[in-house]
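2 protein chains.
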Amino acid sequence: MPVGESKGRAEIYATVKAEWFRLFTSKEIGEALEKLAGKEASLDPGEQALVQRTRSIYQRSKAIPPDLFRTFNEAKSKAYSVWVEAKEKSDFKIFQPALEEIIGFVRKFAELYGYDKNPYDALLPDYEPGMTAENLKGIIKPLREKLVPFVSLLRKQSDQPDETILQGHFPEELQTKLSLEALRVIRYDFNQGRLDTTVHPFTISIGPDDTRVTTHFLPDKLAPALFATLHEGGHAIYDQGIHPTMKWVYLDSGYSHGLHESQSRMFENMVGRSLSFWKFFYPRLQGIFPYYKNIQLKDFHRAVNTVKPSLIRIYADEVTYNLHIMLRFEIEEALLKGEIEARDLPGLWNTKMQEYLGILPENDAKGVLQDVHWSSGYVGYFPTYMLGNLYAAQLFVAAKKEMRELEEEITKGNFKNLLAWLRAKVHSFGYVREAPELLREVTGDGPSSEPWLKYIKDKFGKIYGIS
Amino acid sequence: MPVGESKGRAEIYATVKAEWFRLFTSKEIGEALEKLAGKEASLDPGEQALVQRTRSIYQRSKAIPPDLFRTFNEAKSKAYSVWVEAKEKSDFKIFQPALEEIIGFVRKFAELYGYDKNPYDALLPDYEPGMTAENLKGIIKPLREKLVPFVSLLRKQSDQPDETILQGHFPEELQTKLSLEALRVIRYDFNQGRLDTTVHPFTISIGPDDTRVTTHFLPDKLAPALFATLHEGGHAIYDQGIHPTMKWVYLDSGYSHGLHESQSRMFENMVGRSLSFWKFFYPRLQGIFPYYKNIQLKDFHRAVNTVKPSLIRIYADEVTYNLHIMLRFEIEEALLKGEIEARDLPGLWNTKMQEYLGILPENDAKGVLQDVHWSSGYVGYFPTYMLGNLYAAQLFVAAKKEMRELEEEITKGNFKNLLAWLRAKVHSFGYVREAPELLREVTGDGPSSEPWLKYIKDKFGKIYGIS
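Top line first, the protein sequences correspond to chains A and B.
Using the numbering used here, you'd call the opening residue of the first sequence number 1 and step up by one each time.
Using the numbering used here, you'd call the opening residue of the second sequence number 1 and step up by one each time.
Okay, chain A solo, but in the shape it has when bound (with noise of 0.2 Å):
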């Protein structure tokens, strides 16, 4: 998008949005709801599953006064200017006053929804239906349990991976080449959709049959744009799949943000950074940059999986993401109850940094100030970001499961069966069903760490030698 046309875009946006809050709270909504009320047993699956996301947004929407829904929509604006401003000073003082009043709204918006036990719940439905805190904190206490000393053991060994052979001088159209190349192995179909650069990658439906992805390429790093084409190409992988109906719908809050994730994470991690999709792909990058010709599989596998805390989440390796995440959350839940205040955060989150993952932010800027989601009034969406890690596993160990041959397709660059099941599985119920009712179904188990931890101990300790 060229620069000039910021303000025209956020109008057209903010247009779209209450456009569609004005749909969702209609009188038509509430009377098409009304007459499928009972009658819901004679839908397919997939259509009894639009119907109770629809009756959901539309309760939740009319729990809104429009005219708040308008002022928290300046308040978001504003407060992300703001935002930009305070992070590029490093200085959380100047976002203080704004994080107030948008943390106002949410409380705002937590009694208006109404909850039982923490206000919490009352606004994770925007995010990940069917998910409460109680369930998070279950999942979370064993996760950092176990995960916190077992990244203190990989960084202790000596045998660690040489991530230097990542760097170099990697042109453009060569990068552009091998992120085709993974998009085109994984399935993504090109027939309905393209690859675009951008400066922060992400996936976009231009229309119905139109999802396009993005990536970003570093003149001198290899694996950045790869991993986030194969990130993206799994979310779009997703919408490719939904069904036909949802491709006309426009959501964006009120479906579960955790299965989208799982499908970005299993395609950047779980099969991306698997030694099993390299046995396949790594020929085709060593044909792309013969560089690689001299450097053992071995190695190349274990630098893509360097295990390294980082200040900054986005930057975060598959083991300790979920670290910065459980952070996040823990502050999200004492503001939304009160027991801490915006003013707390910069300590607050310098502590859990220390904790959790051993390092110190030297600014806010690369500490409270770094992510946008506050701003932009997003409360209760960073545990989505660990559920889809967590889903992914589950996901991905019940297809295994399913499919003994799995992992030897994987070795062959075949994903035809791992995506009809997907698209069985997941995909069609796309932005329609729960997550925990999709787990229990698919897996046998609602969302839970173990698999993921599992899966962690299981690939890290052999790539860091620890038996």
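Read the hints as simulated data drawn from the structure, not as lab findings.
Incorrect hints may appear among the rest.
With a straight-line cut-off of 30 Å between C-alpha atoms, the simulated DSSO-like cross-links for lysine-lysine are [stated by the list, open to error]:
no.	chain 1	residue 1	chain 2	residue 2
1	B	Lys308	B	Lys459
2	B	Lys459	A	Lys7
3	A	Lys62	B	Lys27
Could you slot chain B onto chain A? The hints should help.
Quick look at chain B alone, frame taken from chain A:
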């Protein structure tokens, strides 16, 4: 756009179009126009023109029963697919029934809109408000009488330009550089747009401040992409300069397409194919393609101004282009009056091609089936291409009269004053003012072929060595 999206995009477009129709026939618009009646004098000239334009579109839209509008859209969609097939097979007979249906609709519209003398007058306001068939005929008659023999005269000259110097090997990244440089020179605003590639070049406004241009690179030809870029650049400069209010209005008919085209033609031809422009731009081209260091500016300039009758309108040169339009206008007018029927078209087409251009299409695909317009329901559109050429000359003559230094500025690549003049006189009234009125105000004269004829005779007389 990915191929698989075509159906989805068509549905999106149809939805927007239906919404456009609904809005322009809504009670709210009617009431707003009533309220404004008689109070227009208190508005600024741009607002006055906007009210006038809205009133005209409202009244015309109200004349069409919604059901007729819907069935017409369906017929167009069908006719377009049939036309694609007919053109592929080069068989007019395949297209004839669909064309008859379209003509039936268009004749009905003419009756519903109403007219005094000529049914063509009922259709013109969609594409060129303020223009009449009689005006057009008054413009075309002298044009045809002088142009046909002038083309013959040019073709008889012994010293023809050497077009082969425009062939060679032109890598896309270098052509991109050249196109970007050309757009920068003519002051296309990259802060509010960008250049992309496509099959058939076009300009599109994605948002209020995001007017994008596209071009199409051929690896072995230099001219097509460069002049397409300048052409689309002219369209885009017009859109970038319109009144801010108009940037939020979606109009695909009911405004002067001729004025829009005048801007693309001015930058493609009056500027882009002028010796003054190339005095400045040729060294830049030589910098990118050093091959041209061995070719004289004069020979290059002659090459890009080669006159050679072509079967296909879109490949026509600056001089013969208008002859293609006259032929189409005469056929459309006779069709609407019922003097001829669809079945007569292939014969009539070929007769007129022979008469005006001295060449005969070897098949329907290269003749009567070449253009998409009729299959899309556009009858009355073609004259705006010719008017674009004529208006461009009228405006360019007026600009030179008011800015004595303009020619000199162009040889220095300085387009600041020309752009400011166009902004003030033409662009700021974009989409709202009628061309005849605007031209009278800016040039002192209504639409006329005289300035264009004089410009053509002067320019090509020199190029072809006719004293």
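Evaluation of the provided hints:
| no. | hint | in the structure |
| --- | --- | --- |
| 1 | B:Lys308 - B:Lys459 | holds (15 Å) |
| 2 | B:Lys459 - A:Lys7 | violated (45 Å) |
| 3 | A:Lys62 - B:Lys27 | holds (29 Å) |
Hint 2 alone, counting from the list given before, is not met by this structure.
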